[in-house]
Amino acid sequence: MIVSRAHFVGTVALILAACFCLLSGCRESSEASGSRATIQNKGSDTMVNVAQAWAEEYRRVRPDVDVEVSGGGSGVGIAALIKGTVDIANASRNMKPEEMAQARANTGKMPVELIVGYDALAVFVHKDNPLDEISIDQLAGIYSEKGTITLWSQLGVQIPNTRHDEIVRISRQSSSGTYEFFREKVLSKKDFKLGSLDMNGSKEVVELVAGTPTAIGYSGMGYASAGVKMLKIAKEPGKPAVEPTMRTTLSKEYPIARSLQVYTLGQPAGEVKEYIEWMMGPDGQRVLEESGYVPLPSKAGGR
Amino acid sequence: MSSSPTRKQRQRPRRALWAVAGETLLEWIIRLSGISAIIFVLAIFVFVFREAAPVLTNEEFNLVEFFTSIAWYPTSAQNVRYGTLALIAGTFSVTALAMALAVPFGLGGAIYISEFCRPRTREVLKIVIELLAAVPSVVWGFIGLTVMSRLLVEYGGAPVGVNMLNGAIILALMAVPIIVSIGEDALKAVPDSFREAGIAMGASRWQLIYRVLLPAAKNGLLAAVLLGIGRAVGETMAVLMATGHAVQIPHGILDPIRTLTANVAAELGEAPAGSPHYRVLFMTGVLLFTITFVVNLTADFVIRGVKRK
Amino acid sequence: MVTNENSPDQARFTKTRFGRRTELTERIAKTVFFLMSVAMIVPLVAIISYLVIRAWPSLSLEFVLDVPRKGMTQGGIWPAFVGTVYLVFISLAVSAPIGVMAAVYLNEYAKDNWLNRTINLAVINLAGVPSIVHALFGLGAFVYAARFGYSILSASLTLAIMTLPVIIASTREALASVPMSFREACWNVGATRWQTIRSIVLPNSISGILTGVILQVSRAAGETAPIMFTGAVFFKSIERGDLFAYNLNEQCMALSMHLYTVTTQVPKVEESIPYATAVVLLGSVLVVNATAIAFRVWLRARKKW
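Residue numbers (this note's numbering), protein chains in the order written: chain A, 1 to 303; chain B, 1001 to 1309; chain C, 2001 to 2305.
Hints are supplied without guarantee of correctness; some may be wrong.
[As the list claims (entries may be wrong)] Straight-line Cα separation of at most 25 Å, DMTMM-like style, residue types lysine to aspartate or glutamate; simulated pairs:
#1 A:193 - A:274
#2 C:2030 - B:1130
#3 C:2070 - A:137
#4 C:2268 - A:289
#5 A:185 - A:98
#6 A:146 - B:1023
[Claimed, not checked] Calculated from the model, a selection of chain A residues having no Cβ within reach of chain C, i.e. all distances over 12 Å:
#7 180
#8 203
#9 283
[As the list claims (entries may be wrong)] Only some residues are given here: those of chain C computed to face chain A with a beta carbon under 8 Å:
#10 2149
#11 2236
#12 2237
#13 2251
Hints are computed from structural coordinates only; laboratory data are not their basis.
All C-beta atoms in this analysis are idealised placements derived from N, C-alpha and C, irrespective of residue type, glycine included.
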């Protein structure tokens, strides 16, 4: 028994030692991971797919660079940049001046903005919906807090194959860049009407519209699927409605298009600089286009 | 446990000092682990409350509005409002509907397993229920979003497939295993003499269940239901994906709703740390913690009441 | 004559009208309760078969071993799978020792006093805390207060605390099933309390404890909310089949989170991929659970006392 006690104490000591080794080992490895660079990339949910595709593609070019991509929303990416915990923040909205100031106060470096592409915010309805175009005012009437449009018949359409007439409003969760952009451009910063279905992802919006005959929703043009129809949008009632395409996005004819940007603290340098340059180069822009966004005009034109 | 071996220990001649010291140390580690559950529960409350507390003094935040307003505009450009009434209503309505579905089935299943079926069937059923309980909540949510929503639109005539009923069906399926297993324990705890007395008096099995077993196991069954409620209130991913996530007081079972848990899950990732929005979400966490704490505590008292009897 | 198999003695008496009515109600009751039980089995079977059918085109070993491709619309789930493995085992390394020792304390040391009752209550409440509150706690405590940042470490610790009650409960059950006489015999030859626990109680309950550990694995693997805000990422590029892809201080992908993202965020995914992800997740969890159950059944069968 005494022998086995000693044996036991030995075992415990061994386990404790192993734990220490493990902990110190992981610390060491984290410090000594110089050979494998990691780029932290965080922010906009709109851009998370293209960011992911970039990261995936970049691995083929530079296998020694790990890119970690997380979504969370433009606000989160920017907040992380202000704290200095990410290398690149993706944002589908512009950084506010006070955020710039905060970042500078916090890290001593001024954030630098680089536009990496464009996105048109499309308004989707079910593919059987007879509606083809809609004006910004009508959209505001549907979505805003004081809006009065609640029925499809108010827009002069009747949805086939259903007895429901009420418009099912599908929106995005309140802190996403898409939500804020829609609020700014369509609702002129007024609040949304409560009771909309606030989806967590752009894809969820499109899928839900595809499965709900009476629904209307908005999300990036790249998310369009076979079950939904993109509406043409008129800036004002009576003006011609514009279809979201690459051309109308770049020419700013389409009223709800926006730029996609990345932010870094100070001028990008080293691996980060190379990564961003690659993004904006022909390969990166091709990936962006394949993900359903609109590439930068000059470089895309040359391609 | 009951008899202590410590006195004999002193008479033992050969025990190296380090062995005794090692053993004492180990026993203290064990004691510390023993109270770890208390430490963790307290830590959860303290840390969640610590993150939430600063918002109480923020002028944008008003505790009365928090509980009584339905306006949830955490990121408004003009007028930020933090009212969770619609979310509380959503949580309770979906839980109530889920319980309305789960309690009859859960108790029925418990009665069948404990009173009717043969031992072999019982084993099989219990295994199935255990597996049902093991299905991850995100898989339930996925099923709600892809399968159930389509069924509800096509056959249920719902205007939109993700709604309160969808969430309630999913929650019911998640709560049933708890209700069955705890309900079965409660029925098993009824002494056989009760059953024998009933049969001796010529009662049919149905009468026996209705007149003898249910009243006798009342508290245990209540606890089973309470724990099911606790599970349903606290469930996150499944309701996030299945209920439609709309801030409104529901008027019918086909209305989309949003629950407290889903609201935190959807917005926490996007609320910059330290912002009032972030803190209000932690406040919701405090509220949720309190609700489930009270429910679990009640369930425990109810069960304890059974045991004392 | 119709004999009721469950109560053969009833058939010996001549039936009155009243008796016949009783039998009828009884039979109805039995059928109703039976149907209610079936209503629990049917969904499980239906769901699994539906998911497998929809997932079929993608399901293969290759799917598990490959990395996501083409903006996660094709390819496999390796980074998520291996991420879940990391999270589960690191959380296990933390919670298993604490949980087992806590159960040892509760079953072998604690007297029936207020402290013990409070611990019991705490365990029950810990099990009842909503997963999203665990997430809030993990974010507040590990990510920010302890400065672990968004990392595998933070996520695993959050999971560890969340799954602690599972291990405590099953270990206690295992310890309690060791007969008191075993301990008394050991004490009588002069063993100390710890010696008794180590040489008699733990060896005799080790299989029960292992069952609890297995259940903890399945619980931890399926959780989403607690890791979503503490250490799981949307995407991380790692090599196909790479087992040592992650460091403790980095973030990782996880299977449960991956299912959520491919369902809600990634456009134009091959239709069977979300289903296949769900099947791999559900399949792993159920297989692990079934192992625990089989283990338990086998254990009961060979129990000597």
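Verification of the hints:
Our distance criterion of 25 Å between C-alpha atoms is broken by residue 193 of chain A and residue 274 of chain A, whose separation comes to about 44 Å. Under the criterion of a C-alpha separation no larger than 25 Å, the hint pairing residue 2030 of chain C with residue 1130 of chain B is consistent with the structure, at around 23 Å. Taking the CA atoms of residue 2070 of chain C and residue 137 of chain A, the gap is near 38 Å; set against the 25 Å cutoff, the hint is violated. For the suggested pair residue 2268 of chain C and residue 289 of chain A, the alpha carbons sit about 14 Å apart, so the restraint of at most 25 Å is met.
With a CA separation close to 21 Å, the supplied pair residue 185 of chain A and residue 98 of chain A stays within the 25 Å bound. Proposed proximity of residue 146 of chain A and residue 1023 of chain B is contradicted: the alpha carbons are some 72 Å apart, above 25 Å. The Cβ of residue 180 of chain A sits about 18 Å from the closest Cβ of chain C, beyond the 12 Å cut-off, so the non-interface label holds. Distance to chain C contradicts residue 203 of chain A as a non-interface residue, since its nearest Cβ pair spans about 5 Å, not more than 12 Å.
The Cβ of residue 283 of chain A lies farther than 12 Å from every Cβ of chain C, with a closest approach of about 14 Å, so its non-interface assignment holds. At about 7 Å, the closest approach between the beta carbon of residue 2149 of chain C and any beta carbon in chain A falls short of 8 Å, and the interface hint on this residue holds. Given hint, residue 2236 of chain C at the interface with chain A, holds; its Cβ is 5 Å from that chain's nearest Cβ, closer than 8 Å. The interface hint given for residue 2237 of chain C holds, since its Cβ lies 4 Å from the closest Cβ of chain A, which is under the 8 Å cut-off.
The interface hint given for residue 2251 of chain C holds, since its Cβ lies 6 Å from the closest Cβ of chain A, which is under the 8 Å cut-off.
In the structure shown, a violation is registered for the earlier hints numbered 1, 3, 6, 8, in ascending order.
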